[in-house]
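Chain A is fixed; fit chain B onto it per the hints.
Chains as they are written, first to last, in the numbering used here: chain A, 1 to 213; chain B, 1001 to 1213.
Calculated directly from the structure, the hints in this document are not laboratory data. One thing to keep in mind: the hints can contain errors.
As the list claims (entries may be wrong) - Some chain A residues flagged as far from chain B (calculated, every beta-carbon gap over 10 angstroms):
{"no.": "1", "residue": "G71"}
{"no.": "2", "residue": "W87"}
{"no.": "3", "residue": "S91"}
{"no.": "4", "residue": "W92"}
{"no.": "5", "residue": "R93"}
{"no.": "6", "residue": "G144"}
{"no.": "7", "residue": "S155"}
{"no.": "8", "residue": "R158"}
As the list claims (entries may be wrong) - Quick list of simulated restraints, FRET-style, between CB atoms:
{"no.": "9", "chain 1": "B", "residue 1": "E1199", "chain 2": "A", "residue 2": "P20", "range": "22 to 30 angstroms"}
{"no.": "10", "chain 1": "A", "residue 1": "P20", "chain 2": "B", "residue 2": "L1024", "range": "35 to 43 angstroms"}
{"no.": "11", "chain 1": "B", "residue 1": "W1087", "chain 2": "A", "residue 2": "Q56", "range": "53 to 61 angstroms"}
{"no.": "12", "chain 1": "A", "residue 1": "A134", "chain 2": "B", "residue 2": "R1196", "range": "41 to 49 angstroms"}
{"no.": "13", "chain 1": "A", "residue 1": "R196", "chain 2": "B", "residue 2": "G1057", "range": "23 to 31 angstroms"}
{"no.": "14", "chain 1": "A", "residue 1": "H111", "chain 2": "B", "residue 2": "E1199", "range": "39 to 47 angstroms"}
Stated by the list, open to error - Computed from the model, here is a short list of chain B residues facing chain A with C-beta under 8 angstroms:
{"no.": "15", "residue": "G1071"}
{"no.": "16", "residue": "V1173"}
{"no.": "17", "residue": "L1178"}
{"no.": "18", "residue": "F1185"}
{"no.": "19", "residue": "A1192"}
Even for Gly, the Cβ is constructed at its ideal location relative to N, Cα and C.
2 protein chains.
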Amino acid sequence: MGRVRVAGFSVSLDGFGAGPEQSLENPLGKRGPELHRWWVGTKTFRSMFGQAGGTQGVDDDYGRRSMEGFGAFILGRNMFGPVRGEWPDESWRGWWGDNPPYHAPTFILTHHPRAPIAMQGGTTFHFVTDGIDAALERARAAAGDLDVKIGGGVSTVRQYLQGGLLDELHLAVSPVMLGRGEALFEGLDLPALGYRVTETAPSELATHILLSR
Amino acid sequence: MGRVRVAGFSVSLDGFGAGPEQSLENPLGKRGPELHRWWVGTKTFRSMFGQAGGTQGVDDDYGRRSMEGFGAFILGRNMFGPVRGEWPDESWRGWWGDNPPYHAPTFILTHHPRAPIAMQGGTTFHFVTDGIDAALERARAAAGDLDVKIGGGVSTVRQYLQGGLLDELHLAVSPVMLGRGEALFEGLDLPALGYRVTETAPSELATHILLSR
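If we strip away everything but chain A, and leave its shape as in the complex, we get (with noise of 0.2 angstroms):
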């Protein structure tokens, strides 16, 4: 059976993994953006929108780790899009566009039921309204002997560690300080939830940090 796995998340050094006031205008909050900086540059980055170039080294490493393997993926709503409450409609599809980079079954955990949507490239939006423990059995169904990744936002990774439902994190701590945002760490014990510093590689932009139990 797969793993269960956050990849490729960014905090900033006071520990926010998203700015304050997320909007459609600001989708990763406001200065949420500097926190993605390690990974915007990197040649698998670039390659994901079809371009050409980019760095690579340490960054583009973890990026292109951060980005293999899965089968299936697991987002909170607020990942999925800025609109709150009942769905008023079908058209909010996603941040993505037409062709979302995930490739796979992509499970949306929210209060409100709404219908698969079946996007291009592979992807399919599922809708769970029973919980982080239904999402992670049908996302490992679907994902079969492939990882399940847990792509944010802050609260549905809290979420999953806490529910001790985490194999491996792998944080990219940027040198960025963004005073107010959604903290990430505020009030859990990783070691007292089994959690260990595995790996760590620093680079101009980021420290990579892997956390297994």
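Showing chain B alone in chain A's frame:
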């Protein structure tokens, strides 16, 4: 006039500047020493104890900078020792033996008065009972054109940050998850307090960050 700086201050990935359960046996708290691995192997650190050898490079450069240019120091009382409440007698003279590593006037924040202690090597411990502003005023006067170093611990650094009294912080973010301990950033919005990241340099053992305003 000199500046007011924090330098060589180690924090964990999850934002703790010291481990939990500080005691005579664990002055840095449990697992606290793991925060300082970047420092104890350096040439600068070793030379402070008359030892040859040690690493050179990023960690040593920042370590040396964190020791240079200071004409006075301010420490919280728990940095000075494990004694709490009234001083039972004059026997506790700090963690550092007869020749402490300060070599300059060093002001200890406490609620309990005590006569100054002149140590070997130029360090004199002064006990300040009228607050952080008074301590800074005395330290500035003692330092002259040199800088004042806020030596810690976490609570003392937070108080000077919140008071808008620090010009610069050098943090060494160590690739360690503590889970519990003394949180440096919690509830502090450093960008709102005027701080920006002005320098970053990674090593295998820490990511060095300079915050200035």
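Hints and how they fare:
Here A/G71 stays apart from chain B, with its beta-carbon at least about 28 angstroms from theirs, past the 10 angstroms limit. At roughly 34 angstroms from the closest C-beta of chain B, the C-beta of A/W87 stays outside 10 angstroms, upholding its exclusion from the interface. With a minimum CB-CB distance of about 36 angstroms to chain B, A/S91 clears the 10 angstroms threshold, and the non-interface call stands. Remark: the non-interface label on A/W92 is consistent with the geometry, its nearest Cβ contact in chain B lying 31 angstroms away (cut-off 10 angstroms).
Every C-beta of chain B lies more than 10 angstroms from that of A/R93, the closest at about 34 angstroms, which supports listing it as non-interface. Interface exclusion of A/G144 from chain B stands, the closest Cβ pair being 31 angstroms apart, more than 10 angstroms. Distance check on A/S155: its Cβ is at least 17 angstroms (rounded) from any Cβ of chain B, clearing the 10 angstroms threshold; non-interface status holds. The non-interface label for A/R158 is consistent with chain B: the shortest C-beta to C-beta separation is roughly 13 angstroms, beyond 10 angstroms.
Checked against the hint of 22 to 30 angstroms, the C-beta distance between B/E1199 and A/P20 comes to roughly 25 angstroms, which is consistent with it. As the Cβ distance of A/P20 to B/L1024 is approximately 42 angstroms, the hint placing it in 35 to 43 angstroms holds. For B/W1087 paired with A/Q56, a C-beta distance near 60 angstroms keeps the hint of 53 to 61 angstroms intact. Between A/A134 and B/R1196 the CB atoms are about 44 angstroms apart, so this pair conforms to the stated range of 41 to 49 angstroms.
Distance hint check for A/R196 and B/G1057: the Cβ-Cβ separation is about 26 angstroms, which falls inside the suggested range of 23 to 31 angstroms. Under the hint 39 to 47 angstroms, the C-beta atoms of A/H111 and B/E1199, about 45 angstroms apart, fit the expected range. Checking B/G1071 against chain A by beta carbon gives a least distance of about 28 angstroms; that is not within 8 angstroms, so the hint is violated. Interface hint status for B/V1173: upheld, as the beta-carbon distance to the closest one in chain A is roughly 6 angstroms, under 8 angstroms.
For the restraint placing B/L1178 at the interface with chain A, the shortest Cβ-Cβ distance is roughly 7 angstroms, inside the 8 angstroms limit, so the hint holds. Among the interface hints, the one on B/F1185 holds; its C-beta lies about 4 angstroms from the nearest C-beta in chain A, closer than the 8 angstroms criterion. Here the hint on B/A1192 is kept, as its CB sits about 5 angstroms from the closest CB of chain A, short of 8 angstroms.
Violated hint for the displayed structure: number 15, the only one.
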